[in-house]
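Please model the complete structure; the sequences and the hints are all you need to start from.
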Amino acid sequence: AQGLSNKQIASVLNISEQTVKVHIRNLLRKLNVRSRVAATILFLQTRGIQ
1 AQGLSNKQIA
11 SVLNISEQTV
21 KVHIRNLLRK
31 LNVRSRVAAT
41 ILFLQTRGIQ
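Following full-length UniProt numbering, the numbering of the sequence shown begins with 1 at its first residue and continues without gaps.
Because the hints were derived from the structure by calculation, they are not lab data.
Cβ pair distances, simulated, as ranges:
(1) THR46 x ARG25: 18 to 28 Å
(2) ILE49 x GLN18: 24 to 34 Å
(3) THR19 x GLY48: 28 to 38 Å
No experiment lies behind these values; they were computed from the predicted model shown. Positions of the beta carbon are idealized from the N, C-alpha and C atoms, including for glycine.
Right, here's the structure in full:
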């Protein structure tokens, strides 16, 4: 919800930026979306928030 970059996420979690990229790519694939924005929209739609 803070709009962090991959680099910032990696720093907060103390993992590599590449690891963040892999996890995000896998998440987007599982959700069948192409971007973080699309994932956010999907989340909001499933919660009934327009």
